[in-house]
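*Asks:* Residue strings, one per chain:
Protein chains: 2
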Amino acid sequence: MNDSEKEVKDGLFAIGGKNIAFQKNFIGLSYHNSLVKDPDINVTVSNVSFEPSCRNNWHIHHNGYQILLVTGGEGWYQEWGKPAQKLHPGDVIVTHDGVKHWHGATKDSWMSHIAITAGTPEWLEPVSDEEYGQLN
Amino acid sequence: MNDSEKEVKDGLFAIGGKNIAFQKNFIGLSYHNSLVKDPDINVTVSNVSFEPSCRNNWHIHHNGYQILLVTGGEGWYQEWGKPAQKLHPGDVIVTHDGVKHWHGATKDSWMSHIAITAGTPEWLEPVSDEEYGQLN
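In order, the protein sequences belong to chains E and A. Just so we're aligned: the first sequence equals residues 1 to 136 in the UniProt record's numbering. Just so we're aligned: the second sequence equals residues 1 to 136 in the UniProt record's numbering.
Hints are not guaranteed to be accurate.
Copies of the same chain are indistinguishable here, so a pair counts whether it falls within one copy or spans any two.
What the hints assert, rightly or not - DSS-like mimics (lysine-lysine), calculated; alpha carbons at most 27 Å apart, straight line:
no., residue 1, residue 2
1, K37, K82
2, K100, K37
3, K9, K86
4, K107, K24
5, K100, K86
6, K86, K24
7, K82, K24
By construction, these hints were calculated from the structure, which means they are not laboratory data. A quick note: this is a predicted structure, and the numbers were derived from the prediction, not measured.
Chain E extracted, bound-state conformation (with noise of 0.2 Å):
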């Protein structure tokens, strides 16, 4: 296990059960935890975890946000037309209503975010291995 699995793996909020249900909207294996998910409150605060290469479509949050808190490893956020942002724990990202991106882990570390969405997603394509493996 390397460092970044084991940081991921060992955080502070369980890493959660393969993330099945969102398989389709992935590149690679990546980890879900729900923390908060009730009808009273008008978002959703999940532990999401990706493996190395692991990513999200595209997709946009129509009537919403998503704010991500970094807790672990290192990994991608990129908004559409803009270049990619590397990610460190500590960092927060703050996606607003309509805007199109993706985040996921490096090519060679484990990352975990803690994700505060509203709205309702729109998944859109991949990000190819072709712009994936451009980034550095």
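Fit chain A to the given chain E structure using the hints.
*Replies:* Coordinates of chain A only, in the frame set by chain E:
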């Protein structure tokens, strides 16, 4: 520096400054680091840290809610009319709209949590030394 102080001060998210703005609603010293405060996002996200014996006054979130993600040390959470609940890293607390509650550190430990907050707070009476002193 005891272990809980180190855990809280060396946490993933910077401890921030002394929580002067809210001092009148707390007993003891707390620290506040604003992670998200954005006019287009209907929650705020803050890293809040309490020195030993520090706690906030009883309060209510109106037309909103609060989610606590405990990240370090040991603390207390109590809703009006219920027993206090001991908090440890990895614990998740949801306070619903209108529920009177308080949170803070234990007598001998620092405590830190991420607070995700919506709505308007109403600040009420302090948690007296007598009430607080009975917790163990």
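*Asks:* Compare the structure with each hint and give your call.
*Replies:* Each hint tested on the structure:
For the homomeric pair K37 and K82, the shortest alpha-carbon distance between copies (23 Å) is at most 27 Å, but the shortest distance inside one copy (31 Å) is not. Proximity of K100 and K37 under a CA criterion of 27 Å is satisfied in both settings, with 24 Å inside one chain copy and 21 Å between copies. Taking the shortest Cα distances, K9 and K86 sit within 27 Å of each other both inside one copy (20 Å) and across copies (24 Å). In this assembly of identical chains, K107 and K24 lie within 27 Å of each other by CA distance solely inside one copy; the values are 20 Å within and 48 Å between copies.
When the C-alpha separation of K100 and K86 is checked against a cutoff of 27 Å, the pair qualifies only within one copy, where the shortest distance is 17 Å, while the shortest distance between copies is 41 Å. Taking the shortest Cα distances, K86 and K24 sit within 27 Å of each other inside one copy (24 Å), while across copies they are farther apart (39 Å). Taking the closest pair of Cα atoms, K82 and K24 come within 27 Å of each other only inside a single copy of the chain (25 Å); across copies the shortest separation is 43 Å, beyond that limit.
The structure is consistent with each of the numbered hints, conforming to all of them.
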